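Protein chains in written order, with the working numbering: chain A, -19 to 345; chain B, -19 to 345; chain C, -19 to 345; chain D, -19 to 345.
Simulated from the structure, these hints should not be mistaken for lab results.
Given the structure is predicted, the values throughout are model-derived calculations rather than measurements.
There could be a bad hint or two in this list.
Pairs count within a copy or across copies, as identical chains cannot be separated in the list.
[To be verified] DSS-like cross-link-like pairs, simulated, lysine-lysine; straight-line CA separation at most 27 Å:
#1 K1 - K344
#2 K1 - K18
#3 K29 - K1
#4 K29 - K166
#5 K344 - K291
#6 K269 - K344
#7 K287 - K18
#8 K291 - K73
#9 K55 - K291
#10 K126 - K269
#11 K1 - K73
Number of protein chains: 4
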Amino acid sequence: MAGSTYGNIFKITTWGESHGKGIGVVIDGCPAGLPLSKEDIQIYLNRRKPGQSRYSTPRKEDDAVEILSGVFEGKTTGTPISLVVFNNNQKSKDYSEIASYYRPGHADYTFDAKYGFRDYRGGGRSSGRETIGRVAAGAIAAKILKQLGITLTTYTKSIGAIRISSFDADTIYNNPLYMPDADAAKKAEEYLEKCLSESDSAGGVIECIIDGVPAGIGDPVFEKLDANLAKAILSIGAVKGFEIGDGFDVALAKGTTNNDSFYMTNDHTVAKSTNHSGGVLGGMSDGSKIIFRAAVKPTPSVASLQKTVNKSGEDIEISIHGRHDPIIVPRAVVVVESMAALTILDAMLFNMSAKMDNICNFYKN
Amino acid sequence: MAGSTYGNIFKITTWGESHGKGIGVVIDGCPAGLPLSKEDIQIYLNRRKPGQSRYSTPRKEDDAVEILSGVFEGKTTGTPISLVVFNNNQKSKDYSEIASYYRPGHADYTFDAKYGFRDYRGGGRSSGRETIGRVAAGAIAAKILKQLGITLTTYTKSIGAIRISSFDADTIYNNPLYMPDADAAKKAEEYLEKCLSESDSAGGVIECIIDGVPAGIGDPVFEKLDANLAKAILSIGAVKGFEIGDGFDVALAKGTTNNDSFYMTNDHTVAKSTNHSGGVLGGMSDGSKIIFRAAVKPTPSVASLQKTVNKSGEDIEISIHGRHDPIIVPRAVVVVESMAALTILDAMLFNMSAKMDNICNFYKN
Amino acid sequence: MAGSTYGNIFKITTWGESHGKGIGVVIDGCPAGLPLSKEDIQIYLNRRKPGQSRYSTPRKEDDAVEILSGVFEGKTTGTPISLVVFNNNQKSKDYSEIASYYRPGHADYTFDAKYGFRDYRGGGRSSGRETIGRVAAGAIAAKILKQLGITLTTYTKSIGAIRISSFDADTIYNNPLYMPDADAAKKAEEYLEKCLSESDSAGGVIECIIDGVPAGIGDPVFEKLDANLAKAILSIGAVKGFEIGDGFDVALAKGTTNNDSFYMTNDHTVAKSTNHSGGVLGGMSDGSKIIFRAAVKPTPSVASLQKTVNKSGEDIEISIHGRHDPIIVPRAVVVVESMAALTILDAMLFNMSAKMDNICNFYKN
Amino acid sequence: MAGSTYGNIFKITTWGESHGKGIGVVIDGCPAGLPLSKEDIQIYLNRRKPGQSRYSTPRKEDDAVEILSGVFEGKTTGTPISLVVFNNNQKSKDYSEIASYYRPGHADYTFDAKYGFRDYRGGGRSSGRETIGRVAAGAIAAKILKQLGITLTTYTKSIGAIRISSFDADTIYNNPLYMPDADAAKKAEEYLEKCLSESDSAGGVIECIIDGVPAGIGDPVFEKLDANLAKAILSIGAVKGFEIGDGFDVALAKGTTNNDSFYMTNDHTVAKSTNHSGGVLGGMSDGSKIIFRAAVKPTPSVASLQKTVNKSGEDIEISIHGRHDPIIVPRAVVVVESMAALTILDAMLFNMSAKMDNICNFYKN
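Just chain A, with the same shape it has in the complex (with noise of 0.2 Å):
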């Protein structure tokens, strides 16, 4: 559990710092015969690169994938995939500020508790940049998904108090803010002007939908997939907040209303008519689609004057400057995708031992 590895069929590791000499992932237990290209990969690293809109960081970062392992002739081996994207936009400036004190909000402060000192260039290893890793991973992921028929569906759900009140799914892709609801977005980058402009900034949620898990995936006690669905979305550095379904509205539910009625569908087949459940029930899929929201707080780095104190031991006031997305929900996106697709794939993996028939179907024929 020493803490950058995550899954465990399919298992990757990330490494690299925010202004180290690049951020990587090794992905193990990726299945053999996977068509995979570096193209495949990008697509998905896009999706987070900085500099996209005037809503993210104006940094200037390639982010081009490299792949450096466990492909042979365009395909997957079975053997360990490495990925590394090299940082080329390294600047050799001054952080002896930054290092001096703990900025409110970040992991300064709890990375020296924990091991005595950090690499304070950049937020180092709590940086937004560790999720390329991630995002890298998922891509492959989500690939092998779809393949099996299933798709995954992330969009911005709110900005501060605006809410989308319309689903297109053409449209996440058309504006800046990932939202599905055009009058949202525009709604929504209003009120990010006005943070802008009062050098604050604003949180939001994610929404993610899961489209054609066959039911039974997951497992009853401490390996559910909606707890390790949490588990994935809360190691998101700036995630407070995880429900499934109807999430906290269940506490004002009553039980009538809150179960799914199950239903016989024309050609055969168990379905349910609603789906508060968010397609997870004891744990395990049941056959609807997977829904559930992400809560994401405010860019810490705001450029307002705040209170803390140095490492001296002294209280003092800072005003970060710099290149900070005003919002991280947007290019938080695709992380919350690729780290519900790792989990999905993890699970479905696993879930092929889970019956005798199944086991003796594999090895007898």
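Position chains B, C and D relative to chain A; hints supplied.
Here is chains B, C and D on its own, set in the frame of chain A:
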């Protein structure tokens, strides 16, 4: 990841079905030398025991724990601690009806989908009785934490729309709903009476406060303390949401208001003037109280008529009678506390090897 | 890695001390739908039961297994299987002497060094009785393997300098030493009589042959099939060496003689003309028989006078009396077989997700 | 268990193929504050570098390591350390022949059986170059152990039938075979010359002595220190046997001679008068030197004519030419040492939480 094991260093494995011979847990990795008696564990189990009030199932179960291994001369030996609660209340009633259909909101269908069949007696492995093993192990984890100066306070924050508006720790144990606000408890009881009279059930929110955790516990990337808490809590049957600190409210906040300022205390330690973070920054404890909440859905077993399907693929209507809690929340309070204790302890044990200085000090004196 | 859990998918956790209330194992990850009865397990346990001959301890222990969970209507449910053998033969004898000193060749000293104290009754957790849990779980693993066409044959290859020179499978179960060569067994009995008369004990070598494992089981790097077998076998108390195929003799061989040539069989499959490799190449099974050996040390408990120290730090001389096996080898045969079965099965379950083709076939039909 | 990760707390993940872009390792869980430079690692890598003598492949590979993350201002930060050796010597030679058949003694056939195809260039993932990642990580583990007063001495004990008969530590590094006995080394060189002249290859035995490990390291049941060493060593490509202490000779011994007597030293500590156990009792270190051996098979790549099959299912004869070591043993010495260092360190880190006293001391001062 077979599903019934939790933790990495302090590792627990639970077993048992609702109507099998018993429910148990094996704790592997408990440090040696902890004084431990049956009573230490029983006191926790009694908090989840049925029949405590008219808002829990009237089933009579003693849930008396036995220690089968790992304790010698009153102290833990460092070897696995095997705990068991034998099921004495197994009625040889007729389960053929419940075996024949899928109860809405339960794991009946997903169990069949995954494994091909299920132990349908009383919910089998998905029964709330499975949490006995968690609570027994949690009692030990909490006892160790107490020796390290760490305490957990867990209670019902809301039932339906009834939310606590005051907090008195002693009150928690003086009402059947484990609420720290006597007035709210009274109103919640009225709400539950109404649910009962309507053959319906209710949900709610549980809150847990952990005091005394030193800064630096948890790990920066996938093993974030809050990520592991989220998994731990979502692994409890009826939980549909998790949030830490301000949780979902961060979506509405701005950076300037959501950030917690640091300041120096009179005894020259770093502290925070507010606690929006809920005690965790960058996945590591920040030295302030850890505060999180869990959303618990209404009991799915209700006597009202519900639509569902049977195993013959027919649409049917059912009504679930029997001894069911109209609300799970009060009995789940100690389960939430147990999972939190297990999670915090495991992170603390793992943290001991984070620094060379610590390792050298440990092995060189 | 708390120490009492083995396996990744088919995961077992053992518990219990020699003179505690019982010895048990929890098996998590056993596939659903396997017909399983107490007798399936008891037949394995009987092979390690004491009192079978004058070369094993005359203690009377029934070692009757009980199934506490995970089996419903005669079949495994996919949930944890809890097995227990209660200790009925716990004498309330005086252990104060054995508690006061460190027996040579035993784990008394190392237990104290690690944990500060120990359960000194009959060896506590380091007793041979700990293997009951392994054998109970191994019986289940072997039953699954049998359904996949895989059989394990395990026997005593040598005792002291007496080595088998012929092989008859039926003979294995017709002599108390589990040797496949009746003549060798007779000579070995004479050797053991001499050891007994000299208040001494003997060691030996156990060999295991696994037939029917398809090619490709195991993983290329750290999870090599032979590496996991080595760990499994060395985790048995008295084992001091492991070798696969030609083992230590390879040091004397040359490439031309040690390599196994491949050839095509009449039914057009790849086969090997010899089996120096012992059935594993590059950590993966090569389709031929897997053959390995374990070196087992003489029972450390001997009645002869031995030098040691007591807990007061004094040099003393002791003589260990009581009901001790003059040789561990025969009773360890089924333990070796059990650990091998667990290891092979786990690798086979994991192997199911090695190829995209397999995953697509599994989820798409 | 995807196969390329080793260790639980000090966890390494290796990646890379013989003729891919590079070979690397990510170390997750390295404690913070260890001074670390490229040179610390390079000195270990140089011990396995090819081209050191006429008994290793004449390929010219620099094997220069780069540190990509986890080290800041000359010290480890506690975050993952990513190390890479780029492959500079990738010849664009024609591999079509080797791609078409299965080399005896190699993993060609088993790779195809498992994954459906393989990276056939230079052995792909099964190449000896894979051990670069292990050695790079082992160098760091050994450096930490050294700070704790623990040293490892590893050497060639025998080549073919030539066995060392004296021991001089300095001599190890003064002959190309890493033997501690100059005379034996000379005779072994003569033996290897003969092998070379016959287009054949040789095997041998490597011994490792670990000095300074305190008593109590390792765990009583499945995570025995010697069990983990066995796995670690068998996970090295050409190793076919492992033994600790007297190893396979215990089969011939008697209890009275195999037991090590304890005695009190002049400074009142417990010691052993002999070391048949090889420094481990009951899976835990006993405070004496840990001594184990590995049997290494002859290089399977020989120029002599060998029978095999091709992928078209035809019986053929092949002769493997190219730059192959006539013996793997000398270059494997540092690989054995690395795996031992990783194993000991991981057990020591885990051991820190074995006792309540230790945990309380850690968190309460």
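How the hints compare with the structure:
no.: 1; hint: K1 - K344; verdict: neither (49 Å within a copy, 35 Å between copies)
no.: 2; hint: K1 - K18; verdict: both (20 Å within a copy, 14 Å between copies)
no.: 3; hint: K29 - K1; verdict: both (18 Å within a copy, 25 Å between copies)
no.: 4; hint: K29 - K166; verdict: within (21 Å within a copy, 53 Å between copies)
no.: 5; hint: K344 - K291; verdict: between (65 Å within a copy, 23 Å between copies)
no.: 6; hint: K269 - K344; verdict: between (34 Å within a copy, 18 Å between copies)
no.: 7; hint: K287 - K18; verdict: neither (45 Å within a copy, 40 Å between copies)
no.: 8; hint: K291 - K73; verdict: within (20 Å within a copy, 58 Å between copies)
no.: 9; hint: K55 - K291; verdict: between (51 Å within a copy, 19 Å between copies)
no.: 10; hint: K126 - K269; verdict: within (15 Å within a copy, 39 Å between copies)
no.: 11; hint: K1 - K73; verdict: within (15 Å within a copy, 32 Å between copies)
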